[in-house]
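There are 4 protein chains.
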Amino acid sequence: MNVIIDLCIVPLGVGVSVSKYVVECHNIINAAGLKSSLHAYGTNIEGEWNLVFDTVKKCHERIHEMGAPRITTTIKLGTRIDREQTMDDKIKSVKEKLSSQ
Amino acid sequence: MNVIIDLCIVPLGVGVSVSKYVVECHNIINAAGLKSSLHAYGTNIEGEWNLVFDTVKKCHERIHEMGAPRITTTIKLGTRIDREQTMDDKIKSVKEKLSSQ
Amino acid sequence: MNVIIDLCIVPLGVGVSVSKYVVECHNIINAAGLKSSLHAYGTNIEGEWNLVFDTVKKCHERIHEMGAPRITTTIKLGTRIDREQTMDDKIKSVKEKLSSQ
Amino acid sequence: MNVIIDLCIVPLGVGVSVSKYVVECHNIINAAGLKSSLHAYGTNIEGEWNLVFDTVKKCHERIHEMGAPRITTTIKLGTRIDREQTMDDKIKSVKEKLSSQ
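Quick note, the sequences are listed as chains A, B, C and D, same order. Residue 179 is where the first sequence starts when you use our numbering, and the numbers rise one by one after that. Residue 179 is where the second sequence starts when you use our numbering, and the numbers rise one by one after that. Residue 179 is where the third sequence starts when you use our numbering, and the numbers rise one by one after that. Residue 179 is where the fourth sequence starts when you use our numbering, and the numbers rise one by one after that.
Hints should not be assumed to be uniformly reliable.
[As the list claims (entries may be wrong)] Straight line, CA to CA, 30 Å or less: simulated BS3-like cross-link-like pairs of lysine-lysine:
{"#": "1", "chain 1": "B", "residue 1": "K213", "chain 2": "B", "residue 2": "K235"}
{"#": "2", "chain 1": "B", "residue 1": "K275", "chain 2": "B", "residue 2": "K213"}
{"#": "3", "chain 1": "B", "residue 1": "K235", "chain 2": "C", "residue 2": "K273"}
{"#": "4", "chain 1": "B", "residue 1": "K270", "chain 2": "C", "residue 2": "K270"}
[Unchecked claim] Going by beta-carbon spacing under 8 Å, a handful of chain B positions derived as facing chain C:
{"#": "5", "residue": "V194"}
{"#": "6", "residue": "S197"}
{"#": "7", "residue": "V200"}
{"#": "8", "residue": "H204"}
{"#": "9", "residue": "S215"}
{"#": "10", "residue": "A218"}
{"#": "11", "residue": "G220"}
{"#": "12", "residue": "T252"}
{"#": "13", "residue": "M265"}
{"#": "14", "residue": "S271"}
[To be verified] For the chain D half of the interface with chain C, some residues (derived, Cβ under 10 Å), not all of them:
{"#": "15", "residue": "M179"}
{"#": "16", "residue": "H238"}
{"#": "17", "residue": "H242"}
{"#": "18", "residue": "T250"}
{"#": "19", "residue": "T251"}
{"#": "20", "residue": "I259"}
Just so you know, these hints were derived from the structure itself, not from any lab. Virtual Cβ for every residue (Gly too), placed ideally from N, Cα, C.
Can you make the complete structure from the sequences, with help from the hints?
Structure (structure tokens):
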């Protein structure tokens, strides 16, 4: 089963700057061979369910190793069985409607 | 690694009533032996990471089998390595501070 | 317009313990006269849209005053116009189906 | 108080395709003069707190007018008082660290 997720990992107890943890997660996601796209409040990832969630787990494990005692994460995730749809398809679908207004 | 999650699964394309899907997920969570607690906007679950996320996957698979072509889910999830903390501990910590005001 | 929300406010830069901030928000929500219910990963609140979001804003302002330089919050929110539904109605709807299985 | 949010509005009871509702929200956000950026699982918006949440409310009202009986929305929102930070700043901070690896 394919899944598209929006991942926002927030380490606690390590101050207010979280970008170095985002970078580390970015590397883990890339190493897993997953397609991803960074935005200002998270990272979109698409791929096979198990690989995606194993990767999220690796991000948590790595951020704890980096010294964060606590992590709180928000994930939105979508699956569909009526048809295949990529992250690009989702954006394209909106942009086409916007340009034809 | 233990995790506490807040799970909110929303089937799309099946009308506005979602309680029968929540019930089905409740049964799947119970069958997995996971501790859970229902609230008005989701279900809290605690347990070992892999078991928890395998269970979330089973919920998605089951809801698709029930006829929902598309599902969008929001999950909050927390891990910590400084100490063990259950869902009950989290609530107790707030309630103690509330009662001692 | 009435709204039911699930509110999870996370102060950053103030260590790993967040319960004292949750307590403060609880007091602000109560002072606003809003109905709320605490769970292990947030607080459910129901009420008129403007009052609810003014209250969320007051929580952010207060937590900054308490010393948190940065806050990240996750909110789920639901509105419906087909019928009135309270937080209690939502839980009751699931519990009735659970007990009649 | 400035806020950066990630907005994901999901109308229920209107089938599986939600792009026309996303387009309508996009127009409302633009008409409010707010800076926004679309991604595959939501829209990032930055601006003054009251204007941002008035706009979210207008999106809900409009989607109900378009025929959706029920809406469930997920919002992540961040405020900080230690320094000003835009959506672009957040992405730039990560991209600089990525490119210097």
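- Task: Of all the hints given earlier, name the ones this structure violates by number, lowest first.
- Result: Hint check: nothing fails, all pass.
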